[in-house]
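J.: Taken in sequence, the protein lines are chains A and B.
Heads up, the first sequence is in our numbering, so the first residue is 1 and it goes up one at a time.
Heads up, the second sequence is in our numbering, so the first residue is 1 and it goes up one at a time.
Mixed in with the good hints, there may be bad ones.
[As the list claims (entries may be wrong)] Here are the computed lysine-lysine pairs in the BS3-like style, where the Cα-Cα straight-line distance is at most 25 Å:
{"no.": "1", "chain 1": "B", "residue 1": "Lys-164", "chain 2": "B", "residue 2": "Lys-227"}
{"no.": "2", "chain 1": "A", "residue 1": "Lys-348", "chain 2": "A", "residue 2": "Lys-367"}
{"no.": "3", "chain 1": "B", "residue 1": "Lys-206", "chain 2": "B", "residue 2": "Lys-110"}
{"no.": "4", "chain 1": "A", "residue 1": "Lys-114", "chain 2": "B", "residue 2": "Lys-120"}
{"no.": "5", "chain 1": "A", "residue 1": "Lys-206", "chain 2": "A", "residue 2": "Lys-504"}
{"no.": "6", "chain 1": "A", "residue 1": "Lys-593", "chain 2": "A", "residue 2": "Lys-300"}
{"no.": "7", "chain 1": "A", "residue 1": "Lys-265", "chain 2": "A", "residue 2": "Lys-348"}
{"no.": "8", "chain 1": "B", "residue 1": "Lys-3", "chain 2": "A", "residue 2": "Lys-206"}
{"no.": "9", "chain 1": "B", "residue 1": "Lys-3", "chain 2": "A", "residue 2": "Lys-358"}
{"no.": "10", "chain 1": "A", "residue 1": "Lys-299", "chain 2": "A", "residue 2": "Lys-265"}
{"no.": "11", "chain 1": "B", "residue 1": "Lys-68", "chain 2": "A", "residue 2": "Lys-358"}
{"no.": "12", "chain 1": "A", "residue 1": "Lys-282", "chain 2": "A", "residue 2": "Lys-300"}
[Unchecked claim] Beta-carbon label-pair distances, calculated as ranges:
{"no.": "13", "chain 1": "B", "residue 1": "Leu-119", "chain 2": "A", "residue 2": "Thr-113", "range": "13 to 23 Å"}
{"no.": "14", "chain 1": "A", "residue 1": "Gln-505", "chain 2": "B", "residue 2": "His-217", "range": "50 to 60 Å"}
{"no.": "15", "chain 1": "A", "residue 1": "Thr-456", "chain 2": "B", "residue 2": "Ile-204", "range": "47 to 57 Å"}
{"no.": "16", "chain 1": "A", "residue 1": "Asp-388", "chain 2": "B", "residue 2": "Ile-204", "range": "50 to 60 Å"}
{"no.": "17", "chain 1": "A", "residue 1": "Trp-224", "chain 2": "B", "residue 2": "His-217", "range": "42 to 52 Å"}
{"no.": "18", "chain 1": "A", "residue 1": "Asp-576", "chain 2": "B", "residue 2": "Arg-127", "range": "49 to 59 Å"}
{"no.": "19", "chain 1": "B", "residue 1": "Arg-158", "chain 2": "A", "residue 2": "Pro-246", "range": "35 to 45 Å"}
{"no.": "20", "chain 1": "A", "residue 1": "Gln-297", "chain 2": "B", "residue 2": "His-43", "range": "48 to 58 Å"}
{"no.": "21", "chain 1": "A", "residue 1": "Gln-297", "chain 2": "B", "residue 2": "Asn-83", "range": "47 to 57 Å"}
{"no.": "22", "chain 1": "B", "residue 1": "Phe-80", "chain 2": "A", "residue 2": "Glu-291", "range": "47 to 57 Å"}
{"no.": "23", "chain 1": "B", "residue 1": "Lys-120", "chain 2": "A", "residue 2": "Asp-576", "range": "52 to 62 Å"}
{"no.": "24", "chain 1": "B", "residue 1": "Thr-42", "chain 2": "A", "residue 2": "Gly-515", "range": "13 to 23 Å"}
{"no.": "25", "chain 1": "A", "residue 1": "Glu-98", "chain 2": "B", "residue 2": "His-43", "range": "50 to 60 Å"}
[To be verified] Interface residues of chain B toward chain A, partial, derived using beta-carbon atoms under 10 Å:
{"no.": "26", "residue": "Gly-27"}
{"no.": "27", "residue": "His-37"}
{"no.": "28", "residue": "Ala-44"}
{"no.": "29", "residue": "Ala-48"}
{"no.": "30", "residue": "Cys-58"}
{"no.": "31", "residue": "Met-77"}
{"no.": "32", "residue": "Glu-81"}
{"no.": "33", "residue": "Tyr-108"}
{"no.": "34", "residue": "Glu-180"}
{"no.": "35", "residue": "Leu-184"}
These are computed hints drawn from the structure, not numbers from a lab.
The beta carbon of each residue, even a glycine, is placed where N, CA and C say it ideally should be.
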Amino acid sequence: MATVEYETHEHDVLVIGAGGAGLRAAIEAAAQGVSVGLVCKSLLGKAHTVMAEGGIAAAMGNVWPEDNWQVHFRDTMRGGKMLNNWRMAQLHAQESPERVLELERYGALFDRTKDGLISQRDFGGHRYARLAHVGDRTGLEMIRTLQYHAIHQAIEVYMECKIERLLKDGDRVCGAFGYWRNTGKFVLFKAKAIVLATGGIGKAWKYTSNSWEYSGDGHSLAFWAGADLIDMEFVQFHPTGMVWPPSVRGILVTEGVRGDGGTLKNTAGERFMFNYIPEFFKAETADSQEEADRWYQDKKNNRRTPDLLPRDEVARAINSEVKAGRGTVHGGVFLDICTRRDADYIRKRLPSMYHQFKELAGVDITKEPMEVGPTMHYVMGGVRVDADSTAATVPGLFAAGEVAGGLHGSNRLGGNSLGDLLVFGRRAGLHAALYCKNLGGRLTVDGGQVESIARTLLEPFTRSGSENPYTIQADLQDTMHNLVGIIRVEAELQQALEKLAVLKQRAARVHVDGGRVYNPGWHVALDLASLLTVSECCALAALERKESRGGHTREDHPYTDDTWGAVNLVSRQQGDRIDLRREPLPQMPPELKALVQERQ
Amino acid sequence: MAKTFTMRVFRGDAAGGDFKEYTVEGGEGMVVLDVVHRIQATHAPDLACRWNCKAGKCGSCSAEINGKPRLMCMTRMDIFEENEVVSVAPMRTFPIIRDLVTDVSYNYEKAKQVPPLRLKPADPDGRYRMMQEDVERGQEFHKCIECFLCQNVCHVIRDHEGLKKSFSGPRFFIKIAGLEMHPLDTRDRTDFVREQAGVGFCNITKCCTEVCPEHIHITDNGIIPMKERMADNFDPVVWVLRKIRGSKKAAP
Chain A
1 MATVEYETHE HDVLVIGAGG AGLRAAIEAA AQGVSVGLVC KSLLGKAHTV MAEGGIAAAM
61 GNVWPEDNWQ VHFRDTMRGG KMLNNWRMAQ LHAQESPERV LELERYGALF DRTKDGLISQ
121 RDFGGHRYAR LAHVGDRTGL EMIRTLQYHA IHQAIEVYME CKIERLLKDG DRVCGAFGYW
181 RNTGKFVLFK AKAIVLATGG IGKAWKYTSN SWEYSGDGHS LAFWAGADLI DMEFVQFHPT
241 GMVWPPSVRG ILVTEGVRGD GGTLKNTAGE RFMFNYIPEF FKAETADSQE EADRWYQDKK
301 NNRRTPDLLP RDEVARAINS EVKAGRGTVH GGVFLDICTR RDADYIRKRL PSMYHQFKEL
361 AGVDITKEPM EVGPTMHYVM GGVRVDADST AATVPGLFAA GEVAGGLHGS NRLGGNSLGD
421 LLVFGRRAGL HAALYCKNLG GRLTVDGGQV ESIARTLLEP FTRSGSENPY TIQADLQDTM
481 HNLVGIIRVE AELQQALEKL AVLKQRAARV HVDGGRVYNP GWHVALDLAS LLTVSECCAL
541 AALERKESRG GHTREDHPYT DDTWGAVNLV SRQQGDRIDL RREPLPQMPP ELKALVQERQ
Chain B
1 MAKTFTMRVF RGDAAGGDFK EYTVEGGEGM VVLDVVHRIQ ATHAPDLACR WNCKAGKCGS
61 CSAEINGKPR LMCMTRMDIF EENEVVSVAP MRTFPIIRDL VTDVSYNYEK AKQVPPLRLK
121 PADPDGRYRM MQEDVERGQE FHKCIECFLC QNVCHVIRDH EGLKKSFSGP RFFIKIAGLE
181 MHPLDTRDRT DFVREQAGVG FCNITKCCTE VCPEHIHITD NGIIPMKERM ADNFDPVVWV
241 LRKIRGSKKA AP
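Bound-form chain A, shown alone (with noise of 0.2 Å):
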């Protein structure tokens, strides 16, 4: 058999994916002086990130100086339901602010308070207006500001380039094998640490706010590399994606609407979030009409409006006002925040709802409601790291943003993704150039090992089958929405592995025709291996957490159960089959758990 062509870069620590924490964990790689590559699936500033919209949660205390790094601890704990990794959350409410800053010094032009500092907008789940935001195009500030920060640092950028499989020297990580998806060719990046920044798993459902490249790579990656994963099970829907018309379905929709005044409402007019106040959040939350629309105001006074629940909460909400029959013909609900406010405040807050209302859907939301529904939004699940440093579990693998466990507990909160992104980012970035410096000895990449992956990339171009790769895609969507999606149930969910087993074997059968060069229908085959892999830990675990938490509710299991809220699900890659295990979560120290059961 010929020998298989690729060129070889070589980096101390190569970073994979180019979003928010990818983009921060070269910047502080390169700062430590070792040699970064940074690679991306699409053009360079385009990752998912550019799609944030609400702002970046930071306890800096420009509009409330009541708000402090504990609030945001609390609010972070209880909105994941307590089943966070409590350091995590403890580093990202501590260094947000800072990071925050940054951002500004890195040139971010943030909207500003009457005093002319960064200004911050109320969220759900946060007991403070908390979000530093520019309008609803935080994300896209965001990722233009540190790309052009990234660029003129020592960073080598390697774009529209997708990395299939990491390489290992025993039971160090030593690389990553990948192609262009230009021109088909295939490139081995040798490195001693790998920073995992590729972002969720979102294209494995139909109805999803997430973009072609969250097909679950970096989670898959570190899963075939031996990584433990964790908490698989817990996936957010955004309660407010568009419903209407269908092509656009999925779409998010900002939960800084509500946090700017929006309401909720069946097609009764009723504002029915009042309906489904949990006991958890009874104590703080507005039990009438008048203490919400007063909170806005006065947050000492009044507590926080039932339409800022968590977005489990409020998903669910959304789900049962549908199932009741109280939703709209096209099965969502109304998003009002035209009759709240007026019409300029609405198109200077929220300028990009305004223009995707009316372009995509024809509806202008300074008149009208908009129409909303749930859709899958985000993973809480990911590569199981150690706080401090990121490292996952196998040497010289690194993860930070959503691709990383722990954070976010069961559920996480609007705002907590983009300083997720840029505590932890920095914080990969600094350990794998560490790591690094005192990797004693040399890494070995086996050639043999490079040349049968290579091969099994091209097999979809010559083996007999004639499985189409986007029609796979499909019912994969289909498979998890209708059988793993906001409510489950036992039955379903063993329905959905043996879908799943079924779509493993026909995967295994994808024929593509045309050639190596920019061939998209090449690509979707080859991300059903991975998706095909996160589907399965996450079916797999919802299967075997019998409770409802956060992004996970049973409808044979509907409440909480303690014995369950002390456990994390770890999944493990065991020759061809998931090993699934229940550990402790850590303990947290009792200064931290008194922070969290105080009452406000």
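Since chain A is already given, all that's left is putting chain B on it; use the hints.
T.: What follows is chain B alone, placed relative to chain A:
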């Protein structure tokens, strides 16, 4: 609705190519990108196109639709006549890679050349204060999604290969303008703007502004003030006036 859409899509590479016609099932609210995706899923799995967000925020799916530079994800099919055959071609200015995908690396090279922010010292408490009205001028330029449609229609880039070396193009004129209007920036980019960015080559036809999906006033708020500043810096009369009045902004 048993509607169908017929689309002529450019298929080919640097060696050549031609438009190929596809007919797919239609649906309410569909945009051009939806049709392209449907063609991939049902007729031509290897049809190359770039896309990411599908919501007009990432600027990946730029193309020429019926000859007009637009984002595929923000172009609804119902703006066309019923039964109209819509044509989709790659951006003309950049070298084609395959089908609808072009080599836009020119833009990434130009991006690197722009001298970055040089930060002024912080307030005594270590913070930076900026007023909302002062950040808003720069925020307009920060809206840019880097779809490069403005670069695509710019006559200098399109028709003057020889000038490209010393011309950044409208995307980077507003990048520079954003930096120049940044309340915390202290860097002088005069020489860069004149010699490397080549703002003088722009003859203000406003083609860039017309195609901007973010409706950024590229010409009026970015390029023209920059040209004026260049003129200011050269004009001995302005120089004398400024000496007398002590202000650059005092307009005659």
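J.: Kindly indicate which numbered hints from before are broken by the structure, ordering the numbers from low to high.
T.: Numbers 32, 34 - these are the hints that the structure violates, sorted from lowest upward.
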